[in-house]
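Asks: With chain A held as given, fit chain B onto it using these hints.
Residue numbers (this note's numbering), protein chains in the order written: chain A, 1 to 323; chain B, 1001 to 1291.
No lab work stands behind these hints, which were simulated from the structure alone. Only a predicted model underlies this, so the values are computations on that prediction, with no experimental measurement involved. Careful: at least some of the hints might be erroneous.
[To be verified] Far from chain B, some chain A residues (derived; all Cβ distances over 10 Å):
| id | residue |
| --- | --- |
| 1 | L104 |
| 2 | L117 |
| 3 | E227 |
| 4 | I229 |
| 5 | V245 |
[What the hints assert, rightly or not] Quick list of the computed label-pair ranges, beta carbon to beta carbon:
| id | chain 1 | residue 1 | chain 2 | residue 2 | range |
| --- | --- | --- | --- | --- | --- |
| 6 | B | L1265 | A | G233 | 51 to 59 Å |
| 7 | A | I307 | B | L1281 | 30 to 38 Å |
| 8 | A | A166 | B | L1281 | 19 to 27 Å |
| 9 | A | W124 | B | G1053 | 53 to 61 Å |
| 10 | B | W1087 | A | R51 | 53 to 61 Å |
| 11 | A | S220 | B | L1255 | 44 to 52 Å |
| 12 | A | R236 | B | A1068 | 34 to 42 Å |
| 13 | B | W1204 | A | S220 | 36 to 44 Å |
| 14 | B | G1157 | A | T106 | 16 to 24 Å |
| 15 | A | A311 | B | A1024 | 50 to 58 Å |
| 16 | A | L316 | B | R1279 | 26 to 34 Å |
| 17 | A | L80 | B | Y1091 | 58 to 66 Å |
| 18 | B | L1010 | A | A311 | 50 to 58 Å |
Here a beta-carbon is modelled for each residue, glycine too, at the ideal position from N, C-alpha and C.
Each chain, written out:
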Amino acid sequence: MAVPFVVGILVALLVVAPQVSGLGFAQVSSGEGSVIAPGSLIEAARFVPGRRIPPLVFLAAVSILAVLLQAVRRGSGRLLPLVRGTTTMLIFLIAWELAVYLGLVTTILLPPPTIVLQRLDALWLNDYLAWHLLATFRRFALSFGVALATAFPLGVLVASVPRAFAWLYPVINFVRMIPSPAWAPLVILWVGLGDPPAIFIVSIAIFFPIFLNTIRGIHSALPIYREVIRTLGGGRWDEIWSATVPCALPTVFTGIRIGFGLGWVVLATAELVAVDSGLGWLIQVAYTQVDSPAVLAAMTLICWLGILLDAGLRQLERRLIPW
Amino acid sequence: MLHGRYFPDLVEVMSISTFLLGLAAVLLLLGLCRLLLPRLVPTSLVRAGVIGGAALLVWEAASRLTLASPILLPPPTVVLSNLGLMWSVGYLQPHIIASLWRLLFACGLAVVTAIPLGILVGRFGTVADYVEPFLHMIRMAPAPAWLPLAILWFGLGNTSTVFLIWLGAFFPIFLNTLTATRRADPAQIETVRTFGGDVFDLAWEVIIPASLPLVITGIREGIGVGWILLLTAELVSTSIAGGLGYMMEDARTLLDAATVVSGMLVIGILGTLLDAAMRGLELRYMGRLLP
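Chain A extracted, bound-state conformation:
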């Protein structure tokens, strides 16, 4: 069951990897002119007003939506928590927009939703945002692949050698306690700025949850299943493949999900420090230009993408490991 999953990720990496390695300024600006180099484009985008929803229309629409939702709540009891949650968010949006227009908050420090949306619209122009999204996704996929491809086999290896884990654990724990962003200065010294340090930092963050959970999962596999396989005449390989690995997979997948979340967080850091593309970089550049609408726009995107990815992973887990 896990084979197609791992193979799929590896194939995806093979497809993605060559493009990632050449993902720099030069390649983009040497195109046919359909994509403009990021540096000049962010300047351009600052003067593109973008389409803006009039604040009053926005407020009215959100309020009507909130009121309409209250009508739905009488219908079905199962939807009630969802309705309530959404209501809070809508009220939050209204309060946020109002707070700025009533002069309670400075626009430059906390731009209202309509301005953030307008900035998002402007950023979307000429595929600027799409390009950065793609860069973030490629980097994340690559880091995740590297981490999975090293952590899972290494975990199986360490777990299958008796007492190896007990000996290695103190050192592993020590390295684990060094937060992955703290690797940044050293790795940047080693390999320079760019994709490699970013991918290294993110992979380290993803590595440990998968590695440790693989070991934990294999250790927790009950010996009785292995004995059943042996009784039925299976060899050592059958034992590992049909008994131990399926037992370990749910735990491994928990590790994958923890690592996934952690990696998504660290990716934002890595992109703040090391590279010249991606959503984290976008935030960093916008911040240096006191372009807080763009900061918030990118943050919102990262947030929602994280939610979507996590939900997708949950679904995948349910499909792949139904036991």
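Replies: Showing chain B alone in chain A's frame:
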């Protein structure tokens, strides 16, 4: 005072024989302590000593055989001498204190805010329905992404760092308190009510004791997250106020890899100690509260 020390020229590197003798002495001492006081020195410490010593030897050998550039990965002799020098001139201590103070202050703030809020939301189901999805959404925004906004709001320095760590540590504590509060035994709650207890009796007699273990787990997770964010924030934001992350970033700009690696060693040691302390606390409270 905290800025721009360049140590490599000043370091008097220990000789290889001193290094080997020191390593052997430490291992011998560890073994001896293990034999004499088996309760005080757990096996894991001895194992850590053996594997760590072996790793140091390999690292030193790799550097001597010029498998790795000594500028980019200075050998342990250089790093340890550098560490000693930084400590003896009093350069390292202010950074450690600055980092730890920030972490403890922010985590304390997170504890003080997250636990009451968690109990509140956990006790009233309707409030949870309204608030939880919203908080989950904020939680999903990676905390480092808040950093630029935090700097815009609070400026460079301590305040933005503390805000970031607070934000990261808040959610594990809050969510664990929430779960723990919901788990309180309804029979016990009814008992307190029957005997005429008010809300405070309820909180003090039932909810807090029942939820403490999980809350402490939450605090441990929160400090773990805070530890990561501390370094993140210090790498980017703290500037002249010091801190280990700042020390490393500063050393990197001076191509002083010895100080960078020293910083990583100190961070690893502090992180391990912190985690061990929290684990000890957790075990102790679990032990006391479980029947």
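Asks: Holds or violated: the 34 to 42 Å window for the beta-carbon distance between R236 of chain A and A1068 of chain B?
Replies: holds, 38 Å
Asks: Within 44 to 52 Å or not, the Cβ separation of S220 of chain A and L1255 of chain B?
Replies: Cβ of S220 of chain A to Cβ of L1255 of chain B: about 47 Å, so the range 44 to 52 Å holds.
Asks: That 16 to 24 Å hint for G1157 of chain B and T106 of chain A (C-beta), does it hold up?
Replies: Holds: the Cβ-Cβ distance is about 20 Å, inside 16 to 24 Å.
Asks: Beyond 10 Å on every Cβ pair: is that true for V245 of chain A relative to chain B?
Replies: It holds; V245 of chain A is separated from chain B by about 27 Å at its closest Cβ, greater than 10 Å.
Asks: Quick check: does the Cβ-Cβ distance between L1010 of chain B and A311 of chain A fall within 50 to 58 Å?
Replies: Distance hint for L1010 of chain B, A311 of chain A holds at roughly 54 Å.
Asks: Holds or violated: the 51 to 59 Å window for the beta-carbon distance between L1265 of chain B and G233 of chain A?
Replies: The hint (51 to 59 Å, Cβ to Cβ) holds, given that L1265 of chain B and G233 of chain A are roughly 52 Å apart.
Asks: Any Cβ of chain B at or closer than 10 Å to L117 of chain A, or is the non-interface label fine?
Replies: Label holds. Min Cβ-Cβ 17 Å, cutoff 10 Å.
Asks: Would you assess whether L104 of chain A, listed as outside the interface, keeps its beta-carbon beyond 10 Å of every beta-carbon in chain B?
Replies: holds, 14 Å
Asks: Does the Cβ pair W124 of chain A, G1053 of chain B satisfy 53 to 61 Å?
Replies: holds, 56 Å
Asks: Using the Cβ atoms, figure out if L316 of chain A sits within 26 to 34 Å of R1279 of chain B.
Replies: holds, 32 Å
Asks: Beyond 10 Å from chain B, beta-carbon-wise, is E227 of chain A?
Replies: Non-interface label on E227 of chain A holds, nearest chain B Cβ at 30 Å vs cutoff 10 Å.
Asks: Given a hint of 50 to 58 Å, does the C-beta separation of A311 of chain A and A1024 of chain B actually sit inside it?
Replies: Holds, since A311 of chain A and A1024 of chain B (Cβ atoms, about 55 Å apart) stay within the stated range.
In summary, the structure agrees with every hint in the numbered list given earlier.
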